[in-house]
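Quick note, the sequences are listed as chains A and B, same order. The first sequence: position 31 = 31 (our numbering), numbered continuously. The second sequence: position 467 = 568 (our numbering), numbered continuously.
It is worth saying that the hints were derived from the structure and are not from the lab. Hints may contain errors.
As the list claims (entries may be wrong) - Below, a list of computed lysine-lysine pairs in the DSSO-like style, where the Cα atoms sit at most 27 Å apart: (1) K187/B with K84/A; (2) K258/B with K5/A; (3) K95/A with K496/B; (4) K106/B with K31/A; (5) K63/A with K106/B; (6) K258/B with K21/A; (7) K173/B with K185/B; (8) K383/B with K31/A; (9) K21/A with K187/B; (10) K499/B with K95/A; (11) K504/B with K84/A; (12) K67/A with K32/A; (13) K187/B with K95/A; (14) K63/A with K173/B; (15) K117/B with K95/A; (16) K74/A with K123/B; (17) K163/B with K180/B; (18) K258/B with K32/A; (19) K136/B with K63/A; (20) K499/B with K3/A.
Unchecked claim - Covered by chain A, according to a simulated footprint, are these stretches of chain B (three or more residues, beta-carbon under 8 Å): (21) 269-283; (22) 470-483.
Claimed, not checked - Sample of chain B residues at the chain A side, in silico, Cβ under 7 Å: (23) S377; (24) T486; (25) S508; (26) I511.
Since the model is a prediction, treat every value here as computed from it, not as a measurement. Just so you know, even glycine gets a beta-carbon here, dropped at the ideal spot from N, CA and C.
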Amino acid sequence: MNKAKRGDWVEIEQILLEANKRADNLPEETKKVPLIQWFKGYLLNDRAELNDEVEIETLIGRKVKGKLSEINPKHVHNFGESIKELMDVGIELRKEIEELN
Amino acid sequence: MLLVKDMSYNAVMGRKNEIMKKAIGVDYDVFSYGKLGFDYEKMMKKVGYSIEEVEKIQREGKVGNTPLYELKNINALVKKYASKGKGARIFLKDEAMNASGSFKARRAAVSVYHAKKHGYKGVIAATSGNYGAAVAAQALQRGLKCIIVQEVYDSRKVGQPEILEKTRKCEAYGAEVIRLSVGPELFYTLLCLLEETGYFNASLYTPFAIAGIETLGYEIANQMKEIEGRYPDAVIATNAGGGNLVGTARGLIKAGAKDTKIIGASVDLSGLHMASDIDFNKKSFTTGHTGFAIPFATWPDRTDVPRNAARVLRYIDRYAKVTQGEVFYVTEALAQLEGLERGPAGNTSLSAAIAIAREMDEDQIVVVQETEYTGAGKHPNPQLTFARENGIVVKRGKPVDSKPGESIMIPETFEQLSVTDIDVEELKFNLIRNAIEKSGLNSIGDEDFSFLVEDTNATEEFVEKALKKLNVVYQ
Numbered sequence: 001m002n003k004a005k006r007g008d009w010v011e012i013e014q015i016l017l018e019a020n021k022r023a024d025n026l027p028e029e030t031k032k033v034p035l036i037q038w039f040k041g042y043l044l045n046d047r048a049e050l051n052d053e054v055e056i057e058t059l060i061g062r063k064v065k066g067k068l069s070e071i072n073p074k075h076v077h078n079f080g081e082s083i084k085e086l087m088d089v090g091i092e093l094r095k096e097i098e099e100l101n
Numbered sequence: 102m103l104l105v106k107d108m109s110y111n112a113v114m115g116r117k118n119e120i121m122k123k124a125i126g127v128d129y130d131v132f133s134y135g136k137l138g139f140d141y142e143k144m145m146k147k148v149g150y151s152i153e154e155v156e157k158i159q160r161e162g163k164v165g166n167t168p169l170y171e172l173k174n175i176n177a178l179v180k181k182y183a184s185k186g187k188g189a190r191i192f193l194k195d196e197a198m199n200a201s202g203s204f205k206a207r208r209a210a211v212s213v214y215h216a217k218k219h220g221y222k223g224v225i226a227a228t229s230g231n232y233g234a235a236v237a238a239q240a241l242q243r244g245l246k247c248i249i250v251q252e253v254y255d256s257r258k259v260g261q262p263e264i265l266e267k268t269r270k271c272e273a274y275g276a277e278v279i280r281l282s283v284g285p286e287l288f289y290t291l292l293c294l295l296e297e298t299g300y301f302n303a304s305l306y307t308p309f310a311i312a313g314i315e316t317l318g319y320e321i322a323n324q325m326k327e328i329e330g331r332y333p334d335a336v337i338a339t340n341a342g343g344g345n346l347v348g349t350a351r352g353l354i355k356a357g358a359k360d361t362k363i364i365g366a367s368v369d370l371s372g373l374h375m376a377s378d379i380d381f382n383k384k385s386f387t388t389g390h391t392g393f394a395i396p397f398a399t400w401p402d403r404t405d406v407p408r409n410a411a412r413v414l415r416y417i418d419r420y421a422k423v424t425q426g427e428v429f430y431v432t433e434a435l436a437q438l439e440g441l442e443r444g445p446a447g448n449t450s451l452s453a454a455i456a457i458a459r460e461m462d463e464d465q466i467v468v469v470q471e472t473e474y475t476g477a478g479k480h481p482n483p484q485l486t487f488a489r490e491n492g493i494v495v496k497r498g499k500p501v502d503s504k505p506g507e508s509i510m511i512p513e514t515f516e517q518l519s520v521t522d523i524d525v526e527e528l529k530f531n532l533i534r535n536a537i538e539k540s541g542l543n544s545i546g547d548e549d550f551s552f553l554v555e556d557t558n559a560t561e562e563f564v565e566k567a568l569k570k571l572n573v574v575y576q
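Produce the complete structure using the sequences and hints provided.
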């Protein structure tokens with residue numbers, strides 16, 4: 001989905017400092033990329049597409065402008081893969097306790 | 102002509118003092134003396150709150166009075182691997198039970214109360230840690246607006262699961278979350294926002310924030326007295342910015358537990374640069390690690406307030422580091438042996454406690470003073486999955502063979518859990534060196550000399566020797 005309408009929950013992106021305007025004393029790899037910030041909120045424009053300049057209202061009612069970067073952004077983090085190395089730890093330790101008792 | 106404020110990086114940083122004075126409402130100048138000194142205790146007394154006031158504020162915010170458990174199964178294994186007569190008992194303060202899921206609720210409760218009392222309409226905090234959710238959860242209860250500024254992504258817009266979860270948690274409590282790419286300019290964003298909104302800076306390092314943690318030490322002392330009839334021999338605190346350790350130590354002293362040893366513990370992330378766009382996602386811990394802890398211990402005033410109330414070297418007796426793999430191992434042990442599934446970062450001090458308890462006498466007691474909530478992202482599995490995705494080797498092996506940013510060794514046995522001591526004397530010397538270098542002094546008088554003695558909790562001889570080494574004249 002790359003079209004949003006007024007009231008949709010969206011994310012916008014802003015370049016806060018271009019690479020050449022960043023703080024001194026940064027490692028090289030950081031100095032060559034811009035500092036970016038992302039906000040989420042309800043879209044105030046009637047219609048917009050990804051990458052359009054838009055305005056949003058945040059959860060506390062502030063109005064912020066930026067480039068539309070995501071529509072209905074979701075939380076993508078999860079519980080990861082099963083880590084066998086750690087599951088084994090549980091089995092081993094419980095066995096040790098059993099032996100002690 | 103309209104007067105437009107210069108919002109360039111240097112211009113905003115130049116207005117730092119003026120912005121902070123409005124955003125905290127504390128005139129730090131009144132505590133200053135000499136050329137580098139300031140009256141720490143006077144500041145804590147005048148600006149902080151008493152234990153009784155803090156307890157009342159925290160009760161209102163659903164914070165405090167968390168349980169203290171003895172970890173009987175873990176203690177049985179500690180004893181198994183200790184030599185005869187050794188193997189202290191470990192007790193755990195279950196701070197995950199606070200509203201928002203961590204001890205950070207204690208400092209947030211007081212900061213938000215203070216902001217409300219002084220008529221601020223909202224609060225802002227710059228933090229990628231549990232503190233964000235804590236401030237959000239307290240602000241909503243007192244009807245204040247809340248903005249949390251987090252460092253979340255590298256330049257590819259890839260973020261660690263642990264921080265992504267913290268974004269979600271802050272939004273769950275109605276906060277506006279501003280997410281940034283890697284860089285220390287987070288502070289610049291904070292200043293811009295404070296100036297624009299007129300909100301309160303709920304910094305982690307104000308006297309209010311530290312006063313909020315004093316109840317943690319106070320509760321531990323009183324609970325141990327009730328359970329075992331005496332104060333603990335040692336308390337271990339995970340150390341990053343310093344507030345956790347300092348507030349706890351002050352609370353223990355206020356309760357009368359003056360002989361309890363204060364031990365700090367951090368995850369070893371040496372070699373990884375905190376401001377590096379590449380290193381950012383090579384670490385598997387986003388807090389409680391040496392990358393914050395060492396710079397903050399040796400130069401506390403690097404923070405967002407003129408005088409940091411979290412001054413670790415005044416209180417710390419011993420400082421230990423552990424590896425990432427050990428903390429994940431111990432997190433699994435806490436879940437599988439004690440029925441407590443808790444977030445990894447908070448278990449840093451538990452990992453150190455297991456190794457240290459083995460060296461202590463069997464009739465001694467050591468308290469681990471925190472846990473934190475766990476969930477998607479903030480859990481060993483997603484953190485280790487993410488590590489593998491970023492090219493880190495994860496396998497069973499000896500902790501000593503791990504290298505931050507390259508490999509994580511999950512210990513092969515319980516017996517392998519160990520600590521490496523960080524030289525506290527060296528940290529004290531470095532604090533003195535930083536104080537001298539930042540002030541540009543080449544001679545100091547009595548007032549500043551006594552300040553350095555206090556600030557390092559060292560002997561006069563130690564400070565004299567350090568100054569001599571730094572070619573500074575003491576007159």
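Evaluation of the provided hints:
1. As the CA atoms of K187/B and K84/A are separated by approximately 33 Å, the hinted pair breaks the 27 Å bound.
2. Pair hint K258/B plus K5/A holds up; C-alpha atoms about 25 Å apart against a cutoff of 27 Å.
3. Taking the CA atoms of K95/A and K496/B, the gap is near 21 Å; set against the 27 Å cutoff, the hint holds.
4. Between K106/B and K31/A the CA atoms are separated by roughly 25 Å; this keeps the pair inside 27 Å, and the hint holds.
5. Of the supplied pair hints, the one linking K63/A and K106/B holds, its CA atoms being roughly 19 Å apart against a limit of 27 Å.
6. A hinted pair counts as satisfied when its Cα atoms are at most 27 Å apart, and K258/B with K21/A qualifies at roughly 20 Å.
7. Taken as a hint, the K173/B and K185/B pair is honoured in the structure, with Cα atoms around 18 Å apart against an allowance of 27 Å.
8. Distance hint between K383/B and K31/A is fulfilled; the C-alpha atoms sit about 18 Å from each other, no more than 27 Å.
9. Of the supplied pair hints, the one linking K21/A and K187/B is violated, its CA atoms being roughly 58 Å apart against a limit of 27 Å.
10. For the given pair, K499/B sits about 21 Å from K95/A by alpha-carbon distance, which is consistent with the 27 Å threshold.
11. Between K504/B and K84/A, the direct Cα distance comes to roughly 21 Å. Compliance with the 27 Å bound is thereby established for this hinted pair.
12. Taking the CA atoms of K67/A and K32/A, the gap is near 21 Å; set against the 27 Å cutoff, the hint holds.
13. The suggested pairing of K187/B with K95/A holds, with an alpha-carbon distance near 23 Å, which does not exceed 27 Å.
14. A C-alpha spacing of about 53 Å is found between K63/A and K173/B, which places the hinted pair above 27 Å, so the restraint is violated.
15. Between K117/B and K95/A the alpha-carbon distance is near 58 Å, which puts this suggested pair outside the 27 Å criterion.
16. For the hint pairing K74/A with K123/B, the CA-to-CA distance comes to about 36 Å; that exceeds 27 Å, so the pair is violated.
17. About 37 Å separates the Cα atoms of K163/B and K180/B, which puts this hinted pair outside 27 Å; it is violated.
18. At most 27 Å may separate the alpha-carbon atoms for a hinted pair to count; K258/B and K32/A meet this at roughly 15 Å.
19. Under the criterion of a C-alpha separation no larger than 27 Å, the hint pairing K136/B with K63/A is inconsistent with the structure, at around 44 Å.
20. For a cut-off of 27 Å, the pair hint linking K499/B to K3/A is broken: about 52 Å separates their Cα positions.
21. Here the segment 269-283 of chain B counts 11 residues with a CB under 8 Å from a CB of chain A, which clears the bar of 3, and the coverage holds.
22. Coverage of a stretch by a chain is defined here by at least three residues with a beta carbon nearer than 8 Å to that chain's beta carbons; for the segment 470-483 of chain B and chain A the count is 6, and the condition holds.
23. Using the Cβ-Cβ criterion of 7 Å, the hint placing S377/B at the interface with chain A is satisfied: the shortest such distance is roughly 4 Å.
24. Hint status for T486/B relative to chain A: holds, with the closest Cβ pair at about 3 Å, below 7 Å.
25. Checking S508/B against chain A by beta carbon gives a least distance of about 12 Å; that is not within 7 Å, so the hint is violated.
26. Contact between I511/B and chain A, as hinted, is supported at the beta carbon level, the nearest pair being about 5 Å apart and thus within 7 Å.
In terms of the numbered hints stated before, the structure departs from hints 1, 9, 14, 15, 16, 17, 19, 20, 25, listed from lowest to highest.
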